[in-house]
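Novice: If you want the building blocks of each chain, they are given just below.
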Amino acid sequence: MGGVKKIGEPKRLFSSTWSRYLLNVLSAALLCLALVYLSVSRAITPYTSSLIVQIGYNIILAVSLNLAAGFLGQLPLGHAGFMSVGAYAAALFTKSMDLPAMLEFPIAIALGGVVAFLFGIVIGLPALRLRGDYLAIITLGFAEIIRVIINNLEFTGGAIGLRGIPRHSTIAWSFVWVFVTIYAISTLIRSRHGRAILSIREDEIAAEASGISTTYYKVIAFAISAAFAGVAGGLYAHTTILLPSNFGFMKSAEILVMVVLGGLGSILGSVISATVLTILPELLRGFKEYRMIVYALVLILVMIFKPSGLCGRYDFSLGSGIDRVFAAIRAKILGKGGNAK
Amino acid sequence: MTVLYQLINGVQIGSIYALVALGYSMVYGIVRLINFAHGDIIMVGAYAVWFLMVRLGVPAWAAVPLAILFSSLLGMGIEKVAYKPLRNSARISLLITAIGISFLLQNLAQVVFGADPRMFTNLFPGGIPFGGKDLPYVTVVTVAVSAVLMIGLSILVSRTKIGKAMRAVSEDKDTAQLMGVNVNNTISFTFALGSALAAVAAVLYCSSYAQIQPTMGSMLGLKAFVAAVLGGIGSMPGAMLGGLLIGMAESLTKGYISSKLADAVVFGILIVVLLFKPAGILGRGVREKV
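Sequence lines, in order, name chains A and B. Going by our numbering, the first sequence opens with residue 1, and the numbers climb by one from there. Going by our numbering, the second sequence opens with residue 1001, and the numbers climb by one from there.
By construction, these hints were calculated from the structure, which means they are not laboratory data. Check each hint, because a few of them may be wrong.
Computed cross-link-like contacts, PhoX-like style, restricted to lysine-lysine with a CA-CA straight-line distance of at most 25 angstroms [unchecked claim]:
(1) B:K1161 to A:K306
(2) B:K1173 to B:K1084
(3) B:K1277 to B:K1133
(4) B:K1080 to B:K1161
(5) B:K1254 to A:K306
(6) B:K1173 to A:K251
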């Protein structure tokens, strides 16, 4: 639809910000209700619904890493570290509390996010003094240290893992948190602060010369990215047993694959690639061993032939999308060049 | 006496780290890439020796050189296929490709050889009585071989024509090309050399630790990388020094603090070095031009 001709000034349905917000919230709520209805009415099996929850936290992981990698332009290789911090914080909270799930689960997830945010600040402050390769390595180092420490602590269950976490993660909750993540990160990017973050990606020295406090914005963006990794960790924790070995470098790299494949700097791309890369291995269950080989090959080939990823930096807006569809229909009805109105 | 043993252990594992770190450092110096796949070349080297000796019954004196040859060809091949097309694109793409190659090698090994660890026979059994205990031959051989290789490498880089070409390319690729240096061949040679050193390190490492598995390269590689950063990435004496220091630190932590925390200490050293002297002990700082 990119090539639609501008027809005079057709009336746009969703020109104001609030109308777009309303549209987005309504359609998200409808989609959520539909999914919940399907799962309650047993139209989708528990297996499918657990897959949807999995897609949910993978989307959160990819979108949050995209904030640091795609929009801030740094390359953190320790996202799994923040995810593990959030996961353990949330899981330990629900395990120690005896509240109804409706109350304790959102608090646990938020707690996971807050703890990961704090870790993001503590790690980001020193780490972000470095850039490029060195930043990648130092975040990797921090994530490894987090993993080793979790592995050796008593209250985290050590290498045996943390068991008996209530299975609170439902489709509805994971949908809510995906929505919160995408909403928060996309509005952040479109705000004044977001422009500051993008300017650091384009040229850090020029950004600093223009009066942007690069340290502040780098640390904040990095910590917000970490916070949502913690949220995803919280969701993940309430589906399974937590094992420190699942949060190694491989996990960080897997998240990075999703972001790079979707396109650094495209939220839509991250959502699509996280979804596809979660479903694909399930479809290829017989080829589980070959899954990672395919992953690796895809990663290498994408880097060689299309380094910008699937979507590049393109992002989708529901409001203007609908407007463009209407504009196209109008153009069809009125015929070519029909400026009849 | 125990201190002495810990230190000897430290020197042994440190020499292995140093050999691997040299590969990281040379490659970084010449193409400015953290070659994440380098650790997995160690794994490939180890499996190559194991496959030749256990499956094909090749004697050790033939298996080791063949495995070294195979590893260097693999290293060159990886550079030609995956890194060369990206030489002029963003550094982040190159780094992600390297991670991809590392994934690929690990998972290929997992499919071909299975995820279970395999036993690796010690190629240098026995030991010399030393201070009440036996000093294993492996330790002596490891330290000796590493020392010889490092001296040889220093001579190669400082005295020979190809060494001069390597230094020229790492200084300035374009100018080197204008001066008639064949940049592609020099880069290939560097990768081959680094991979050969990794294969030697694999043989030495596996002879004393007895087990090989598809993921063994990643931790070993990361630690060697830490060693390269500690010594100053891009600097060859730095890589050797860094390797020895990391080996000592790890061995002393294992002996006196806790064997579980050794990895955390190594990465802690990395973080402290990066924060206070990102160029490393012997590295040169790079100023950014505006």
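Novice: Does each hint fit the structure? Answer for all of them.
Specialist: Hint by hint, here is what the structure shows:
{"no.": "1", "hint": "B:K1161 to A:K306", "result": "38 angstroms, violated"}
{"no.": "2", "hint": "B:K1173 to B:K1084", "result": "14 angstroms, holds"}
{"no.": "3", "hint": "B:K1277 to B:K1133", "result": "40 angstroms, violated"}
{"no.": "4", "hint": "B:K1080 to B:K1161", "result": "22 angstroms, holds"}
{"no.": "5", "hint": "B:K1254 to A:K306", "result": "46 angstroms, violated"}
{"no.": "6", "hint": "B:K1173 to A:K251", "result": "35 angstroms, violated"}
Violated hints, in rising order: 1, 3, 5 and 6; the structure is consistent with all others.
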